[in-house]
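Participant: Given the coordinates of chain A, assemble chain B onto it according to the supplied hints.
Chain order of the listed sequences is A and B. Offset between the first sequence (1-based) and my numbering: plus 69. Offset between the second sequence (1-based) and my numbering: plus 69.
These aren't lab readings, by the way, just hints derived from the structure by calculation. Careful, some of the hints might be misleading.
Heads up, the list lumps identical chains together, so a pair's fine if it works in one copy or across two of them.
Pairs of lysine-lysine, DSS-like flavour, derived with a Cα cap of 27 Å [to be verified]:
| # | residue 1 | residue 2 |
| --- | --- | --- |
| 1 | 269 | 550 |
| 2 | 314 | 550 |
| 3 | 270 | 550 |
| 4 | 435 | 377 |
| 5 | 435 | 422 |
| 6 | 550 | 498 |
| 7 | 395 | 475 |
| 8 | 270 | 314 |
| 9 | 473 | 395 |
| 10 | 473 | 422 |
| 11 | 515 | 435 |
Protein chains: 2
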Amino acid sequence: FRLALRRPPRDRPTPHHRDPGCLWPLPHALTSSVEQYPLNPQTFAFDYGKHSATQQGCSLLDAAFRRYFSLIFPDYTIMKTASKIYCSVGFPDNLSVSAGQASLNAATVWGILRGLETFSQLVYQDDLGSYFVNETFIEDFPRFQFRGVLLDTSRHYLPVHAILKTLDAMSYSKFNVFHWHIVDDPSFPYQSRSFPELSKKGAFHPATHVYTQSDVRRVISYARMRGIRVLPEFDSPGHTGSWGKGQSDLLTPCYKGGAPSGTFEVTSVFPDSYIHLGGDEVDFSCWRSNPHVRAFMQKMGFGGDFPKLEAFYIENIVNITSANNKTSIVWQDVFDYHERVGRSALSVVEVWKHGCYLCKVRQVTKAGLRVILASPWYLDLPGPTHNWARYYTVWPLAFPGSEKQKRLVIGGEVCMWGEYVDATNLFPKLWPRASAAAERLWSDEKQTSSVEKAFPRLEDFRCKLLRRGIQAGPLNVGHCKHEYQGV
Amino acid sequence: FRLALRRPPRDRPTPHHRDPGCLWPLPHALTSSVEQYPLNPQTFAFDYGKHSATQQGCSLLDAAFRRYFSLIFPDYTIMKTASKIYCSVGFPDNLSVSAGQASLNAATVWGILRGLETFSQLVYQDDLGSYFVNETFIEDFPRFQFRGVLLDTSRHYLPVHAILKTLDAMSYSKFNVFHWHIVDDPSFPYQSRSFPELSKKGAFHPATHVYTQSDVRRVISYARMRGIRVLPEFDSPGHTGSWGKGQSDLLTPCYKGGAPSGTFEVTSVFPDSYIHLGGDEVDFSCWRSNPHVRAFMQKMGFGGDFPKLEAFYIENIVNITSANNKTSIVWQDVFDYHERVGRSALSVVEVWKHGCYLCKVRQVTKAGLRVILASPWYLDLPGPTHNWARYYTVWPLAFPGSEKQKRLVIGGEVCMWGEYVDATNLFPKLWPRASAAAERLWSDEKQTSSVEKAFPRLEDFRCKLLRRGIQAGPLNVGHCKHEYQGV
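Here chain A stands alone, though its shape is the one from the complex (with noise of 0.2 Å):
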């Protein structure tokens, strides 16, 4: 796995750019050197190494290599394909740019994908257009294995073209995970084989504003693509205004003892070995007036414990989840409601509420239950949209505890609630600001705690994201050689 990089010419001035080293999130280790190397597009092309444990013919690879190729070089298409970097599944991670030689190695695909990005980062252009590359190593890791951003679906449609080029833009960032809280009280977009009725009648519209079965496959093969799982939220049994319109008996199910039977679709559908329940914000107050939920209630022996009866509504969905072979997560209220009637069932726990929310991450880990870290990261929140440094100065360990209870939090989320956001201003609302989450994420807190130094970085990233389509917000007065032009 070698590359020829030819050395430039002695007597060839040095090109004006960008600081070489500029990644973002920025590697746990990276040296480089003012070493240049050019790299010549009409012989330049990604190949698998000798010894790697995937070769050509892995789909996923050899659709990342066209792709990056395409990002690294606009305006080339692949033509041949003399000077190789070579890229090898089965080894350490590491990228290394020296000597004549480059060469890409992971120990997975995914890895691989994200070595990809990096890569494709190193890469810069003079002014008269000609690539470069620095000699360069890096070795690099993500810091926290559950790198999310939320989209929902349900306050405002999201055409699935925003949600395919969201993807591309997480995956410049090293996010792995979408959330896809795709359904809520406004709408019901998500078009069921077992309900057909529920987005027929509870979408805004039963033809324009859903996700068919085959956008939803198209979503989860594209995000797979890119090294991005997809984790569907069905929330319930609060937020499930719009499931009343097409099943007018569904929206009760507690009281008749059983779960909403929908529940196997989902896990079907959607592969992830993950599942979102929701399970936030439940207004007992609908429940409490209804004579057969009370009635319910005294059989249970529950009395008027609402949080009880809560708590046995998800308990059966957990278990349902976990019969199906999946791991459940939940918002914190769950959690919250079962101080009182044991956590057993549950695994996986968002922190989402303001306040002290790292007080709440204590906790959770403190009772053994895994953590996902929402709550500074709620970007749909009004604030002037350049304002990335307060989601960059998040500390998710900085809470007394145990090295196990640390490890329990497996990472965090960026939320885009859908009350204000729709396609028109979902990116420059998403970006750079969540690439800011998402550094945090993914680097090592120590080299990463300063914002004044991150700031330029940040800014050249987000020319970055422009360039490659992405109509990422500006983070203040300046400029991008490539401005977006997508107006």
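Facilitator: For chain B alone, coordinates are given in the frame of chain A:
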């Protein structure tokens, strides 16, 4: 000027549609009925009335007819012209659709442009895609003559396409002035004929981040075709940081007793009778530090009174501008400086500072000067992008003063400063919030004082903007029939 609009057959069910009287901004006098007339895109056309003062060959209206045909019938091209709506210039302003006849009359071609916009908003589609217009009579006119939008192309460069699209959107809300804050401290993108070095050294990039003479002509012509004047601002003597890069002797014209000779170029390149001279936020500390400036002030008898020097400078430019038959507009700072030195040379003052802006409006009009109000419409300031009501509930004449004073308030302006705004986020920040200000500047205040009444109409108008390709941001949970597809 008549159009045979066919009545719908009696047994036709009333199609589901939004309130057909849904117009933005609201006309001053409107009556309509539930009587519907179908429109056939294949036989529909605009034409000139027999007695119209302008006839075929008026390029402005010929182009407007073609433009509005496409806006009304996005999926059709003009086929034949069997049924016509006749437009007549030189008549009292009104729009009438009734009893199988339709006509649009206006005193000027500009009035026809506004009426075409109104007519285009009257047309709606049923669920099957058929077009309709209801019986309607409208008499309309603008409340204020100056209805502006300011774009700042110095803090971020805006591609020409983004400016043209803004002009489109402006015409949909009946704005009529594009205030082009073309240069400022961060960059000088205007490619001057007389001083090419200014953009060569002062622009972010001398080739890709400039407005050529041809770009400027294109913007002016595109604006004119939509009834919009281009008001250029070359702000001085503050906000000129970028000027000095290309003309090292330019940043101290005051103590030479002269004025920048570029004024002549500006008056010839920009044909509008108004010119904005800036004059805001002058930092005296630089002048104070300069011995030449201090010596000049001694010679002129100004002592240490820097506002006097500033006044002297502005007076010179105002006089030159006036000698070129142009009317000057200045920011309120100049009015404030002139308190001690006479305001005879001033004519139009733009009020922009926060606090009690109506106190300032009162003060300026009391001095007999005209006012443009900008203070309450700084849309670039941080805040949720759906807070349109804040820009709607502005009452420009709610100050104690004479009728004569009120008449001196010639209008208002939405300002979109560029610190954190570029082509990536301009549109969802500007629209439909600017439209809230547009209605305030166009419509009768008493008829448009209720936020609650305006909301569904503005939501409908926002959907119309999306349908026309304007990336207008969402106001709340919901959907449009045609969502934004531009991602």
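Participant: Out of the numbered hints, which ones does the structure contradict?
Facilitator: Violated hints: none; all satisfied.
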